[in-house]
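Undergrad: Each chain, letter by letter, is given below.
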Amino acid sequence: ETGVTQSPTHLIKTRGQQVTLRCSSQSGHNTVSWYQQALGQGPQFIFQYYREEENGRGNFPPRFSGLQFPNYSSELNVNALELDDSALYLCASSLGQGGTGELFFGEGSRLTVL
Amino acid sequence: GQNIDQPTEMTATEGAIVQINCTYQTSGFNGLFWYQQHAGEAPTFLSYNVLDGLEEKGRFSSFLSRSKGYSYLLLKELQMKDSASYLCAAASGGSYIPTFGRGTSLIVHP
Chain A
1 ETGVTQSPTH LIKTRGQQVT LRCSSQSGHN TVSWYQQALG QGPQFIFQYY
51 REEENGRGNF PPRFSGLQFP NYSSELNVNA LELDDSALYL CASSLGQGGT
101 GELFFGEGSR LTVL
Chain B
1 GQNIDQPTEM TATEGAIVQI NCTYQTSGFN GLFWYQQHAG EAPTFLSYNV
51 LDGLEEKGRF SSFLSRSKGY SYLLLKELQM KDSASYLCAA ASGGSYIPTF
101 GRGTSLIVHP
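Residue numbers (our numbering), protein chains in the order written: chain A, 1 to 114; chain B, 1 to 110.
For the record, the hints were derived by calculation from the structure and aren't laboratory data.
Mixed in with the good hints, there may be bad ones.
Straight-line C-alpha distance at most 25 Å; calculated DMTMM-like pairs for lysine to aspartate or glutamate [what the hints assert, rightly or not]: (1) B:Lys81 / A:Glu107; (2) B:Lys81 / B:Glu55; (3) B:Lys68 / A:Glu102; (4) B:Lys81 / B:Glu9.
Sample of chain A residues lacking proximity to chain B, with all beta carbon distances greater than 10 Å (derived) [what the hints assert, rightly or not]: (5) Lys13; (6) Gln17; (7) Gln26; (8) His29; (9) Asn30; (10) Gln44; (11) Asn77; (12) Glu82.
The beta-carbon is built from N, C-alpha and C at its ideal position, and this holds for glycine as well.
Okay, chain A solo, but in the shape it has when bound:
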């Protein structure tokens, strides 16, 4: 069974740039959620995709956007990067309907915005 994998693991960008983070979900999972975790904080929900459709969105501006592909992998795109976007971005996969919602997290992508 393949776990959740994210890439890249670390990256540095400058303010105003754009970034794309990638996530491969665990085998058999059709739901992917993205979270932002600042240092010393809990994960903050960005959005969730279920079978290629956005299924819920947290309190993040439109410059945070995403995609889910037919193989259930996913991308998180952030435009016009700001310093406060520096954080660990966690992807989590789960079984959508019929599951308890238990999340299986990847190791995360640590983004630094200078």
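Position chain B relative to chain A; hints supplied.
TA: Chain B in isolation, oriented as in the chain A frame:
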């Protein structure tokens, strides 16, 4: 909106028992999760409660009271490796999307 409250930090002695409390306010409650997160690592699932009562799983137990909006995680026979952040998360809505608290940093000392 949703609100999750848990203590910021706790310390305990190896071999002891510690209880980490969590209170929540949410609409359309669909269950309460506990996750463990070691420094620099991804959160890992510990427990899920949707009905009132205590669920025991080895050294870890989790309790839920829906009427009080309250949960706790009980860790017995503490080991040094239990030093980590413990995240309480309440799920709501049809999609079971968990909202996480800030996490409780547990420090276990000899």
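Undergrad: Against each hint, give a clear statement of whether it holds in the structure.
TA: So, going through the hints one by one against the coordinates:
Simply put, B:Lys81 and A:Glu107 have alpha-carbon atoms about 19 Å apart, close enough for the 25 Å limit, and the pair holds. Of the pairs offered as hints, the one joining B:Lys81 and B:Glu55 holds, with about 22 Å between alpha carbons and a cut-off of 25 Å not exceeded. A distance of roughly 23 Å separates the Cα atoms of B:Lys68 and A:Glu102; the hinted pair therefore holds under the 25 Å criterion. This hinted pair checks out: B:Lys81 and B:Glu9 have alpha carbons roughly 16 Å apart, not beyond 25 Å.
A:Lys13, annotated as away from the interface, keeps every beta carbon of chain B farther than 10 Å; the closest lies near 21 Å. With a least beta-carbon separation of about 25 Å from chain B, A:Gln17 lies farther than 10 Å from that chain, consistent with its non-interface assignment. Distance check on A:Gln26: its Cβ is at least 12 Å (rounded) from any Cβ of chain B, clearing the 10 Å threshold; non-interface status holds. Remark: the non-interface label on A:His29 is consistent with the geometry, its nearest Cβ contact in chain B lying 13 Å away (cut-off 10 Å).
Residue-level check passed: A:Asn30 sits 12 Å from the nearest beta carbon of chain B, beyond 10 Å. Distance to chain B contradicts A:Gln44 as a non-interface residue, since its nearest Cβ pair spans about 7 Å, not more than 10 Å. With a cut of 10 Å on Cβ distances, A:Asn77 stays outside the contact zone with chain B, its closest approach being about 20 Å. Every C-beta of chain B lies more than 10 Å from that of A:Glu82, the closest at about 22 Å, which supports listing it as non-interface.
Checked against the numbered hints listed earlier, the structure breaks hint 10 alone; every other hint is satisfied.
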